[in-house]
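Trainee: Just need the whole structure built from these sequences, with the hints factored in.
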Amino acid sequence: MDVSELFWNASLEELKRGYIEEKNVYTCLLCGKKIDKGVIYPYNDVLYEAERFIRIHIELSHQSVFDYLLGMDKKLTGLTEHQKGLLDLFYQGKSDTEVQTELGIGSTSTIRHHRFALKEKERQAKTFLALMELLKEKDEYAPAFIPVHKTAKMVDERYNVTEEEQAEMIKKFFSNGKLKKFPSKEKQKLVVLQEITKQLKVNHAYDEKELNQSLKKCYEDYVLIRRYLIEYGFIDRKPDGSQYWLIK
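Be aware that the sequence shown starts at 1, since it is given in the UniProt record's numbering, and climbs by one per residue.
Hint data in this document are derived by calculation from the structure and do not stem from the laboratory.
Take the hints with a grain of salt, since some may be wrong.
[What the hints assert, rightly or not] Calculated lysine to aspartate or glutamate pairs in the EDC-like style (CA-CA distance at most 16 Å, straight line): (1) Lys-217 <-> Glu-195; (2) Lys-178 <-> Glu-195; (3) Lys-209 <-> Glu-186; (4) Lys-16 <-> Glu-122; (5) Lys-238 <-> Asp-207; (6) Lys-23 <-> Glu-51; (7) Lys-119 <-> Asp-88; (8) Lys-34 <-> Glu-21; (9) Lys-187 <-> Asp-207; (10) Lys-75 <-> Asp-156; (11) Lys-34 <-> Glu-49; (12) Lys-84 <-> Asp-73; (13) Lys-74 <-> Asp-156; (14) Lys-180 <-> Glu-195; (15) Lys-216 <-> Glu-195; (16) Lys-185 <-> Asp-207; (17) Lys-187 <-> Glu-231; (18) Lys-34 <-> Glu-22; (19) Lys-33 <-> Glu-22; (20) Lys-16 <-> Glu-51.
[To be verified] Here are the simulated distance ranges between beta carbons: (21) Lys-217 <-> Glu-164: 25 to 35 Å; (22) Pro-143 <-> Leu-15: 19 to 29 Å; (23) Lys-138 <-> Glu-220: 47 to 57 Å; (24) His-113 <-> Thr-162: 14 to 24 Å; (25) Leu-118 <-> Ala-205: 31 to 41 Å.
C-beta: ideal position from N, C-alpha, C; glycine also.
Mentor: Okay, here's the thing in structure tokens:
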């Protein structure tokens with residue numbers, strides 16, 4: 001199960017803490033890093049057991065779970081940039097007066113209104129989650145859709161692909177791990193790119209030449225594949241193109 005699938009299948013409590021506990025490891029839901037149980041990890045001349053160290057990893061690599069979630073695409077959070085800004089300031093412990101001064105909008109009563117609107121959004125979200133959980137128990141015809149990539153830059157109809165359709169597309173476009181042709185339809189592109197990422201190393205920084213060589217093993221036009229992997233949010237790179245890495 002990949003990180004995006006783990007992320008979307010996690011409980012609310014697991015999402016809040018940013019990791020899940022599995023049989024022998026703790027897995028970061030934000031990047032997929034695994035911390036083995038039973039191992040003592042050193043950091044800043046202090047030794048930490050595994051669960052404490054996964055929390056340190058989240059602080060060092062992602063600042064906080066709150067910051068990571070807030071930075072996700074609007075289609076995944078349902079939040080406007082204005083709402084994100086307000087939540088960020090509230091999370092910092094700012095008072096209504098401080099928030100109003102920093103944003104330079106309205107009055108303190110305006111900020112209180114925004115707090116109320118966010119609480120109303122929370123109530124709506126809880127109700128909707130309860131409805132969907134109840135629906136799962138009754139909807140025997142609901143198809144299993146492929147998970148949305150957490151760093152997807154465009155969350156739209158192209159993700160309307162079932163696991164059965166995904167398997168058919170992979171069979172159609174791949175032969176012995178090599179891509180036969182790059183599809184023109186967006187849904188097919190998504191599935192193809194997801195499959196190609198399985199051949200890339202996790203937590204590894206590629207230089208351009210190494211990445212090109214890895215992609216060329218899968219498809220001759222590696223430049224095309226590299227461009228689409230970036231465009232779809234599967235890999236990221238430094239501004240100067242000196243390093244590329246798989247986003248998980």
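Trainee: Each hint: holds or not?
Mentor: Hints versus structure:
1. Lys-217 <-> Glu-195: Distance of about 13 Å is within 16 Å: holds.
2. Lys-178 <-> Glu-195: Given that 16 Å is the threshold and the Cα spacing comes to 10 Å, the pair holds.
3. Lys-209 <-> Glu-186: violated, 27 Å
4. Lys-16 <-> Glu-122: OK: Lys-16 and Glu-122 at ~15 Å, within 16 Å.
5. Lys-238 <-> Asp-207: With Cα atoms ~10 Å apart, Lys-238 and Asp-207 stay inside 16 Å; holds.
6. Lys-23 <-> Glu-51: holds, 13 Å
7. Lys-119 <-> Asp-88: At roughly 15 Å apart (the allowed maximum being 16 Å), Asp-88 and Lys-119 satisfy the hint.
8. Lys-34 <-> Glu-21: holds, 10 Å
9. Lys-187 <-> Asp-207: Given that 16 Å is the threshold and the Cα spacing comes to 29 Å, the pair is violated.
10. Lys-75 <-> Asp-156: holds, 8 Å
11. Lys-34 <-> Glu-49: Answer holds: Lys-34 to Glu-49 is near 13 Å, not above 16 Å.
12. Lys-84 <-> Asp-73: Satisfied, since the Cα-Cα distance of roughly 11 Å is no more than 16 Å.
13. Lys-74 <-> Asp-156: Holds - the C-alpha atoms of Asp-156 and Lys-74 are around 12 Å apart, at most 16 Å.
14. Lys-180 <-> Glu-195: holds, 13 Å
15. Lys-216 <-> Glu-195: holds, 14 Å
16. Lys-185 <-> Asp-207: violated, 30 Å
17. Lys-187 <-> Glu-231: The given pair, whose Cα atoms are some 14 Å apart, holds under the 16 Å limit.
18. Lys-34 <-> Glu-22: Given pair Lys-34, Glu-22 holds - Cα atoms ~10 Å apart, limit 16 Å.
19. Lys-33 <-> Glu-22: OK: Lys-33 and Glu-22 at ~12 Å, within 16 Å.
20. Lys-16 <-> Glu-51: With a Cα-Cα distance of about 15 Å, the restraint between Lys-16 and Glu-51 holds, given a limit of 16 Å.
21. Lys-217 <-> Glu-164: 25 to 35 Å: Given range 25 to 35 Å: holds, Cβ gap about 28 Å.
22. Pro-143 <-> Leu-15: 19 to 29 Å: Holds: the Cβ-Cβ distance is about 24 Å, inside 19 to 29 Å.
23. Lys-138 <-> Glu-220: 47 to 57 Å: Cβ of Lys-138 to Cβ of Glu-220: about 49 Å, so the range 47 to 57 Å holds.
24. His-113 <-> Thr-162: 14 to 24 Å: violated, 42 Å
25. Leu-118 <-> Ala-205: 31 to 41 Å: holds, 38 Å
When each numbered hint is compared with the structure, violations occur for hints 3, 9, 16 and 24.
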